[in-house]
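Participant: Chain by chain, the residues:
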Amino acid sequence: MPCIWRGVVVFCFTALCAGAQTIINTESGPWTAALDGRWRWHAGEDMQWASAAFNDAGWSPLRVPGPLPPNRHYWVRLHFQIGRTSDPGLLLGPIAWAYDVFWDGERIGSFGDPSRLRWFVPRWQTYHLPTNLAMPGSHVVAIRVAQIGPGVALPTRQSRVYAGDNRVGDLAALYEAASARMRADFQPRLLNLLVDFGFFLAGIYFLLLPPSVSQGAAFRWFGIVLLGRAIVVMCEFYLNYGPLNLPGNSIVGLLWVGVWVSCLGTIEFSYAFFRRPVPFAVRCVAWLLATLAAPVPFPYSAITARLAVLLIPAVVTIAVAAVEVRKRTLDAGLTLVLFAVLGATALYNAVAIGIQVTHGISAPIAIDIGGFWLWSWDAMYLVWVPAMAMQIHKTNLRFRDERERLRGEMEAARQVQELLLPSRSIRAPGFEIEARYHPAAEVGGDFFQLFPAVSDSLLVVVGDVSGKGMKAGLLVSLIVGALRNRKSDEPRCVLTELNAVLLGSSEGGFTTCCCALFSAETVTIANAGHLAPYRNGEEVATPPGLPLGIDADAHWIETNIELQSRDRLLWVSDGVVEARNGKRDLLGFQRAQELATRSAAEIAQAAQQFGQEDDITVVSITRKSVQVHVA
Amino acid sequence: MEPQTQTKAKVERSGSLAILRFEGDVTSASKEAVLGTYDKLAPETKEILLDFSKVQYLNSSGIALVIQLLMEANKSGHKVQTFGLTPHFQKVFTMLGLTKYTSLHPNELAAKAAFGG
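Going down the list, the protein sequences come from chains A and B.
Just so we're aligned, residue 68 is where the first sequence starts under our numbering, counting upward by one.
Just so we're aligned, residue 1165 is where the second sequence starts under our numbering, counting upward by one.
Hints in this document: simulated from the structure, not taken from any laboratory.
A portion of the hints provided could be inaccurate.
[As the list claims (entries may be wrong)] Computed cross-link-like contacts, DSS-like style, restricted to lysine-lysine with a CA-CA straight-line distance of at most 25 Å: (1) B:Lys1218 to B:Lys1172; (2) B:Lys1264 to B:Lys1276; (3) B:Lys1195 to A:Lys538; (4) B:Lys1204 to B:Lys1174; (5) B:Lys1243 to B:Lys1264; (6) B:Lys1204 to B:Lys1255; (7) B:Lys1264 to A:Lys650; (8) A:Lys650 to B:Lys1204; (9) A:Lys650 to B:Lys1276; (10) B:Lys1239 to B:Lys1174; (11) B:Lys1172 to B:Lys1210; (12) B:Lys1239 to B:Lys1210.
[To be verified] Derived coverage of chain A by chain B (criterion: at least 3 residues anywhere in the stretch with Cβ under 8 Å from a Cβ of chain B; other residues may be distant): (13) 301-312; (14) 594-605; (15) 647-655; (16) 659-672.
The model shown is predicted, which means the values in this text are computed figures rather than measured ones.
Glycine residues also receive a C-beta, built at the ideal position from the N, C-alpha and C atoms.
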């Protein structure tokens, strides 16, 4: 009889549970059993729903597996029986972004905080049960759910209720089951992690490209895009697998920084790639949309985030590339294809995630490669990164060829100038000649010419074209040509001839020039703005004269001086007196005069050591044999 | 080679007098500061004072710009006085024969006085 009554009681209790009874392992020892019975759910918030005595018979059934309720706040409940266990526990799968768990009305744990809207990415989580609560028999688990996740359309784990995910049993076995689930979840993402680490390294590489690399700004922006992507991926992995110390709310802010960087960096990159400034309006709109996309509430933020991350820059960059194709810019075709790939990927992801979030229809956004997943946008970057690396290589080769060509041309110009300027070992009867010429660049703007003539005479022309480099060098060639075809050796006439040649060619510059004609007993000097020569270390007073190439009516006054045997005339260019040291001090006229008795080589070396900024020319002429009388 | 400092130019007007105050190194990169500033002078300008007291260095390209300014001013009938040049560049200006177009003065007062009445 008692057995009959006991059977009736069990039957009544089972009936009360409205058919939600779950088959539970009743053996002792380490065991787990799936809670795949008849879950029921109800929208809303009422703490009385935690109670074991609450009658949930009127609640809607929740299919396992199946879609989760669409509501932001709801409760789920499950009735079941368990057997004996020494260390009981409960394992819940990735059912929600935040929830509280109640066992027979007692709160046994939580995931995030549904009340304060603190969330974690859904994951397998184990809860310890006090032994006095988990006695053999019937029990009720009630879960207060808040779907308050950000809904960011990134490869974070979505909430779900799968068969076998939710279990009860021995705690150690449940821990093992949870670890196994997390490992199984992580494994397909290994490839993704490796690829993204490669992108991170590529980003560093692009960012650290030397300034000499052609289109360096564009590639550095591309590096920033990849580093932005790396930030996103790092945050995703922390959200999915990191410790539950920081709530997802804290991490997602950093994740959005990565999203911002990727989004805006892509736009900057595309314009920099075509060497165009980003229009102010485009930049404003992009910033605005990328900023607005972040706080859009779940679930629509999935779509807006995708739009911000990929679609906005894709549209902008495709437009930029299309414009460049119309202008027939080099490489625009290839880039258009690349951006089309980016745009198509972005569009597909936006649609796929949007449909998944709003309609629950799952569309693949990852490619399965032998059990490993490769996200479609990572696949897209796998096309992009080598293409960009190739582009860098190609532009570098082009740049190197161009640099080599220019170097060759400059070297040729330097050789031509060497031929035009007298060698150091030039000889003239009756004179000791020493000269040093050190251009600041390959080709210099300083010049000197020596024209030995009959009867121990010697015409010396020393000058300096304003400016440096090829332009100055070409003018030097013009001057040397004019000097070799001069009609007169008289210094003022030589200057007048050169002035006529340079008047139409100086383009705002000028040429200083000092001409000296050494004859039997005297030296006749005419100076067009050049530094006056030194006679035996003393500056020769020459009347000021305008440089060449400025005034068609300019004329120059000649000065005659007499030289004794062993007297020496020395010319230096402004590269000597205006050599500047590290403190930006000029070598100056005083020091130049102190050096003026030294050899040309020593003077040039001293100026170079002081700090060469301009071409350095030193010409020294010493009369050897003629006895000269001072006038 | 030392980095060059950018040239700044400031214009002060007083009736028909314009004072062009230069600052920094005057080089080939100073075209806007030198010639651009001169070109923007008011049409009623008759006297120009060039202030180089904050200029430490003029290279040959920079001097070429000053020469162009002086030639333009000469053509336009402007009187130009110059002050503030370091002794080194006073000597360079003198050697270049620029004293044909502008007198060099030790300070602003002397330069202004050189305009006379």
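Participant: Look at each hint and say if it fits the structure.
Facilitator: Tested hints:
no.: 1; hint: B:Lys1218 to B:Lys1172; in the structure: 10 Å, holds
no.: 2; hint: B:Lys1264 to B:Lys1276; in the structure: 18 Å, holds
no.: 3; hint: B:Lys1195 to A:Lys538; in the structure: 17 Å, holds
no.: 4; hint: B:Lys1204 to B:Lys1174; in the structure: 11 Å, holds
no.: 5; hint: B:Lys1243 to B:Lys1264; in the structure: 11 Å, holds
no.: 6; hint: B:Lys1204 to B:Lys1255; in the structure: 29 Å, violated
no.: 7; hint: B:Lys1264 to A:Lys650; in the structure: 33 Å, violated
no.: 8; hint: A:Lys650 to B:Lys1204; in the structure: 35 Å, violated
no.: 9; hint: A:Lys650 to B:Lys1276; in the structure: 33 Å, violated
no.: 10; hint: B:Lys1239 to B:Lys1174; in the structure: 23 Å, holds
no.: 11; hint: B:Lys1172 to B:Lys1210; in the structure: 23 Å, holds
no.: 12; hint: B:Lys1239 to B:Lys1210; in the structure: 12 Å, holds
no.: 13; hint: 301-312; in the structure: violated (count 0)
no.: 14; hint: 594-605; in the structure: holds (count 5)
no.: 15; hint: 647-655; in the structure: holds (count 5)
no.: 16; hint: 659-672; in the structure: violated (count 0)
When each numbered hint is compared with the structure, violations occur for hints 6, 7, 8, 9, 13 and 16.
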